[in-house]
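4 protein chains.
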Amino acid sequence: MNNTPPKYKIINDPVYGFISIPDRFIQELIDHPYFQRLRRIKQMGLAHYVYPGAHHTRFHHALGAMYLMDEALKVLKDKGVSITDDERLGALAAVLLHDVGHGPFSHALESTLVKGVSHEALSLAFMQELNEEFDGKLHTAIQIFKGEYPKTFLCNLVSGQLDVDRLDYLRRDSFYTGVSEGVVGAERIIKLISVVDNQLVVEEKGIYSVEKFLIARRLMYWQVYLHKTVISTEFLILNILRRVKELTLKGRTLFSGRALAYFLHRREPITTPREIVTMFSMLDDADVAASLKEWSQDEDPILSDLCQRILNRRLFKIELSNLPFSDEYLAQMRQKVEAMGTGDDFLSYHFTHNEVENTIYSTKNSPIRILLKNGEVKDITEVSETIRLLKQVENQKKYFILYPRELG
Amino acid sequence: MNNTPPKYKIINDPVYGFISIPDRFIQELIDHPYFQRLRRIKQMGLAHYVYPGAHHTRFHHALGAMYLMDEALKVLKDKGVSITDDERLGALAAVLLHDVGHGPFSHALESTLVKGVSHEALSLAFMQELNEEFDGKLHTAIQIFKGEYPKTFLCNLVSGQLDVDRLDYLRRDSFYTGVSEGVVGAERIIKLISVVDNQLVVEEKGIYSVEKFLIARRLMYWQVYLHKTVISTEFLILNILRRVKELTLKGRTLFSGRALAYFLHRREPITTPREIVTMFSMLDDADVAASLKEWSQDEDPILSDLCQRILNRRLFKIELSNLPFSDEYLAQMRQKVEAMGTGDDFLSYHFTHNEVENTIYSTKNSPIRILLKNGEVKDITEVSETIRLLKQVENQKKYFILYPRELG
Amino acid sequence: MNNTPPKYKIINDPVYGFISIPDRFIQELIDHPYFQRLRRIKQMGLAHYVYPGAHHTRFHHALGAMYLMDEALKVLKDKGVSITDDERLGALAAVLLHDVGHGPFSHALESTLVKGVSHEALSLAFMQELNEEFDGKLHTAIQIFKGEYPKTFLCNLVSGQLDVDRLDYLRRDSFYTGVSEGVVGAERIIKLISVVDNQLVVEEKGIYSVEKFLIARRLMYWQVYLHKTVISTEFLILNILRRVKELTLKGRTLFSGRALAYFLHRREPITTPREIVTMFSMLDDADVAASLKEWSQDEDPILSDLCQRILNRRLFKIELSNLPFSDEYLAQMRQKVEAMGTGDDFLSYHFTHNEVENTIYSTKNSPIRILLKNGEVKDITEVSETIRLLKQVENQKKYFILYPRELG
Amino acid sequence: MNNTPPKYKIINDPVYGFISIPDRFIQELIDHPYFQRLRRIKQMGLAHYVYPGAHHTRFHHALGAMYLMDEALKVLKDKGVSITDDERLGALAAVLLHDVGHGPFSHALESTLVKGVSHEALSLAFMQELNEEFDGKLHTAIQIFKGEYPKTFLCNLVSGQLDVDRLDYLRRDSFYTGVSEGVVGAERIIKLISVVDNQLVVEEKGIYSVEKFLIARRLMYWQVYLHKTVISTEFLILNILRRVKELTLKGRTLFSGRALAYFLHRREPITTPREIVTMFSMLDDADVAASLKEWSQDEDPILSDLCQRILNRRLFKIELSNLPFSDEYLAQMRQKVEAMGTGDDFLSYHFTHNEVENTIYSTKNSPIRILLKNGEVKDITEVSETIRLLKQVENQKKYFILYPRELG
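Residue numbers (the numbering used here), protein chains in the order written: chain E, 1 to 408; chain B, 1001 to 1408; chain L, 2001 to 2408; chain A, 3001 to 3408.
Hints listed in this document are in silico derivations from the structure and should not be mistaken for laboratory results. Predicted model only: the values in this text are computed from it and were never measured. For every residue, glycine included, the Cβ atom is placed at its ideal position computed from N, Cα and C. Please note: incorrect hints may appear among the correct ones.
To be verified - The calculated label-pair distances, taken between Cβ atoms and stated as ranges, are:
#1 L:Glu2028 - E:Lys79: 55 to 63 Å
#2 B:Asp1135 - L:Gly2136: 32 to 40 Å
#3 L:Val2356 - E:Glu382: 21 to 29 Å
#4 B:Arg1274 - L:Asp2197: 29 to 37 Å
#5 L:Phe2134 - E:Glu382: 21 to 29 Å
#6 A:Asp3327 - B:Thr1229: 55 to 63 Å
#7 L:Glu2120 - A:Ile3010: 33 to 41 Å
#8 L:Phe2134 - E:Val356: 34 to 42 Å
Bound-form chain E, shown alone (with noise of 0.2 Å):
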């Protein structure tokens, strides 16, 4: 007999306790250069600026939502849902490799860098390459995530409203942040989902933590995700790509690694995302930190005044409103910030008008639904009042204007 014992790789999490690896395949992937990229890319960007715990990273996420899938597919299997072993595989792979084409700064780069080509799309391109090099063994994974597997269960489970996406993000970044108002029961909501019709559902006596975990949702949107310095850190680094990639345009080389400069150097739009890969699978938060350094001393004086302002957090004053901003306010505000420079492109980069958007609840995309006692299926909002309320004030616009807090 022998008596070594099967290799079974444990990962300390603090969120979960622990998270076992669950399959050899699965550990292949997470070895695989493609997802240790993500060890580099923080979860949620510069929020630490306000929440100074939250470092956390898209590979810990990728591994917490794999955990989360692997505890559902549990459940489903034990209220006798049927799941084939290719299924889990796929099931498992799919979240494993939802945000493997997240960018740094992710939001910032989208708009500057990789124009047009969305994350989602980007890591539907990675989970391509790497079916080829893995012989077809993501085949299932990827009609997974494409929403286009006949049993839709998984796809909900992959993205949709109450998806192991949301539930272990919300989860980890309220853990990491400290704000306890985000903390979500993501296992017992897991242990009251089931199949209908192919479609994932939660039992009735699920409600109220339904209910709360859309409310920590916007809660956290609110509290972390749109917090008013968090939105002002982020503007700030979208407006330093956005003056680096219009210099490089110019003709000047700024400091940088290789993969940045390429997409830097890059006029014409991306066509189709595959062409990138191997470029963008060498780019991470490293790359925009240590350049912001370098930039911080250029000789372009909108450049190195932005990037000092982000080393040293002397952020732009933001004023955020439930109503729009008046067009005499917004001339005023645009004309005292013209008066601290000089130079057409001065106010463009020290003056933002933009408007942020929270949605609690969308009956469009994979809506959540609520298996009753008595078999029928619903609408959360037909058995929720109070979520049926609040998507009333939702889906309002934020306004908000940024400037120099010089200025007063």
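Chain E is fixed; fit chains B, L and A onto it per the hints.
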């Protein structure tokens, strides 16, 4: 009457709930670029290769240690210990800045880039710079930091075997790694401190908590700080920087930001740490992290190989042993490694033989004193048989060798 | 110099870590038999039938609320609010004793045994007794408790919609039940309180925390306090005591200790609560719990049946509805229940039709005021659309009927 | 298709989050009056006099231990260990019922009321009764409980030095007392168990966790279970019951319910535990708690004095010492106590001299075996120098005397 509430900055901290900035001057220190730099230096270097949650920064740790100091001073004041406002600010500032001289991946840096200068000496240099900038307001803090302040208990709290530095990092590191075995009752210990003859003491009923603290610390060393894979990772980065420096001094120009370049090109040892404060203040984890990717495609096969290993987590295999390795075994392993590569340097960068040490408790450096109910003060080893016994086993060395895992 | 540390009693509390007794007089109140009695009264009655962890006591809750008061007073003092030593002790004592008049399984007792006397009136009677015993030292505490003290914010903290009572019980009950959805950021809210025109206010940046508090409270009501099975259990114990009193007044002598006997035999209503303090102070959960077992073997079939049900957790079935039950349905159910037993009383004890109510927020009783950044003070409903909307849905009743589960 | 979800009972547990009842038969055992009785017996007796949160019950602990068993069996199955359905149910039931024979304030009861019968023997008697009632379905559970089942690892998990009983009670008791030093990584240890030659083993990488478990256990003994005040409380209740029994056997009839009366009046020792199952099943904490209050007003001055002390927490003073007390000191203290009262019995009930013992680890009873990476199995003391050393200090006795605190 003015209703506007006074400024009372509160930072969310997942470990203690909230950290209030206790003073305007402390806030100014936090806002200073020297301190903001710590946002970009991970507390645990590359330990996240083993514990994926361990991305917290020295910035966060310094805030946490300052919070514990604030609590400790309140407890002592409540017990009738006299502490002036100047001493309070001094102690808070000393703790806040105790690690301000830490570099990226510190051990590696200390032994290659700023050879011969400890991070404590660098922290002191930073504090002296800041003292000038703030017109001498750090005078008391510096005395406390240097251990020269007459009220010794303030020095004990900043640097001793039961200081707020250790209390915070053990608590914080166990939190972020998820190693619950390392959780320390920091807040309980702090409630039980007192002062006798200007020395810090712990009341008798805190003996078990102190035992637990020392045992947890020892456990964190073996299970986390000196974890096999963590050692392997640290020596890999150390070897990479050693190689980079070697190539640079031979005349190669390798990719790097200007601050890192400054240290790579420096031939002569640093004599006074103060001269390098400005350059050092520009250096952080991102410099190394971004350069690694460029170096991974360098023409030097040793450098590119080492960098690819760390990027894709193909670490060296480590053998860790309580006993020294025999000369025969070492010779045999060296021979095997030599056979794998070519060139004189191959062995030097692909085989490491070294040792680590873990001391549970030392009576030398600011020992832990227990205040008995009868008023006597004794060393912890005099009242705890457990610590006395464990001291016997500890102070032990462990020996290790590192070599490419392809060797099998 | 005397080395013996001053007394500084510290109590382990899983919720806040540690609770320090802040004063000698407070310690004397805690040591008094009236307060020690609270060790024997569960905070949540029989809710442990649903949440097996919920065995914490009113003793523990009172300590927790006192701890939060201590924290709140420190915060206010730090913000420059004037609070004298006498006011501090008064506020601490008022909170400590706010529930001292609670009886076992309180709602049942209040409506059968001490009919017409609220637990607040009883708490006041206890406080007046203690005031005499302690030579008037509770004078300020009593004024604060009665809401008559001129510094209204102290009264708000003891009894209002954001008082330390609610903050502690929500936090503590969610902790012991394991209903993480009810976790409230009590410590954050307390850090954000202030005082304007003698009224308690919350600073603007605490709006989300207040929203979260109100939503968590509402959730705890529906999910815990008004949980179907909890209601069923409470009405069972109420019916048991009602039966016991009825039999006693008919001349039967049933097993009980002397304090319980006193209340069971009392025919006339209590006019001044003070007269019963001595007897009441001998009454706790154990009286009812021990008697239940004896009564479960009583010759009266109704009493023995009801007691066996509660002992062995064969509770009545409950139907809970948002809409009132139709008269037809009620008549039909009554008929079915009647057919199960014999005797006039059977129906009265085996069928219950009643309602429960849950108010998310009321502007009447010590409302929640928000201090805006511009210095204005507004009601939470004026600044939070969420609370305004949720107020619409709430204040709703739910209707329920209870009957033996054998009915199917 | 039937949409109604299968029953899948989930219990909120603050320690593990949720406990799912894994089987219909297990649910029936939980619903049985014998098991429901455990709701009324506190796990830690009167330890809440020191740790006010410690009111959790044996009911809750038994559920927790069953949960850990369920997890352990899943881990072993995943590692290829063969476990039949019958064995699974047997192991779950054995753990669930392992404490079903515990009486109120157990140590006191065992040495006075059911003299000579251990709670293990009583648990077995209960299980045999239940086995008849459930037509032999507990056959395997009983074999496992008795340690006679051939697959020894199942017996090890129920009763050994690393059984799920200990894992749960250490975790749970540290949770409810708030003694964070006792927190044990129960879930990690369970993930690392395996089976070799039918014996339970722990994989090598679990050594530190096992060390931590043994150290935490030792700490919980000294800091909680054998805390001075806890000892004082336990001996007080023991003396009260001893006095009550003495008075009863002398012919007095004291207040009590019928089950307690049965044991108080019993002169002859119990020979087979089975004969008392029915009466014992009616006995719980409430009997003692309610009677204490009546006895506190008894005519016997010794009894009333002892009862008033426990009700109002005026406990005996305790002197605890590592060394035996000298005969002179004991004689002197006895004399002092004698002088305080009158009558022959006074001394016997107001002075106690006794000892307690704490064993960190014993190699005799189901030792802890470590499975090394090379396949060898060794005792923990052979691979952990820490445990080997701590074993030397432990197994030590501590001596104590108890006397009225008025003595000063």
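For the pair Arg1274 (chain B) and Asp2197 (chain L), does the Cβ-Cβ distance stay inside 29 to 37 Å?
-> The hinted range 29 to 37 Å is violated for Arg1274 (chain B) and Asp2197 (chain L), with Cβ atoms some 54 Å apart.
Are Phe2134 (chain L) and Glu382 (chain E) spaced within 21 to 29 Å by their CB atoms?
-> About 59 Å separates the Cβ atoms of Phe2134 (chain L) and Glu382 (chain E), which means 21 to 29 Å is violated.
That 55 to 63 Å hint for Glu2028 (chain L) and Lys79 (chain E) (C-beta), does it hold up?
-> Taking Cβ atoms as reference, Glu2028 (chain L) and Lys79 (chain E) lie about 57 Å apart, which means the hint holds.
32 to 40 Å as the expected CB spacing between Gly2136 (chain L) and Asp1135 (chain B), which holds or is violated | This hint is violated: roughly 54 Å between Cβ atoms.
Range agreement (Cβ of Val356 (chain E) with Cβ of Phe2134 (chain L), hint 34 to 42 Å) = Hint violated: Cβ distance 57 Å, outside 34 to 42 Å.
Kindly confirm whether 33 to 41 Å is satisfied by the beta carbon distance between Glu2120 (chain L) and Ile3010 (chain A).
-> holds, 37 Å
State, for the Cβ atoms of Val2356 (chain L) and Glu382 (chain E), whether the hinted interval 21 to 29 Å holds or is violated.
-> With a Cβ separation near 23 Å, Val2356 (chain L) and Glu382 (chain E) satisfy 21 to 29 Å, so the hint holds.
At the C-beta level, are Asp3327 (chain A) and Thr1229 (chain B) separated by a distance inside 55 to 63 Å?
-> holds, 59 Å
This entry does not satisfy hints 2, 4, 5, 8, going by the numbered hints stated previously.
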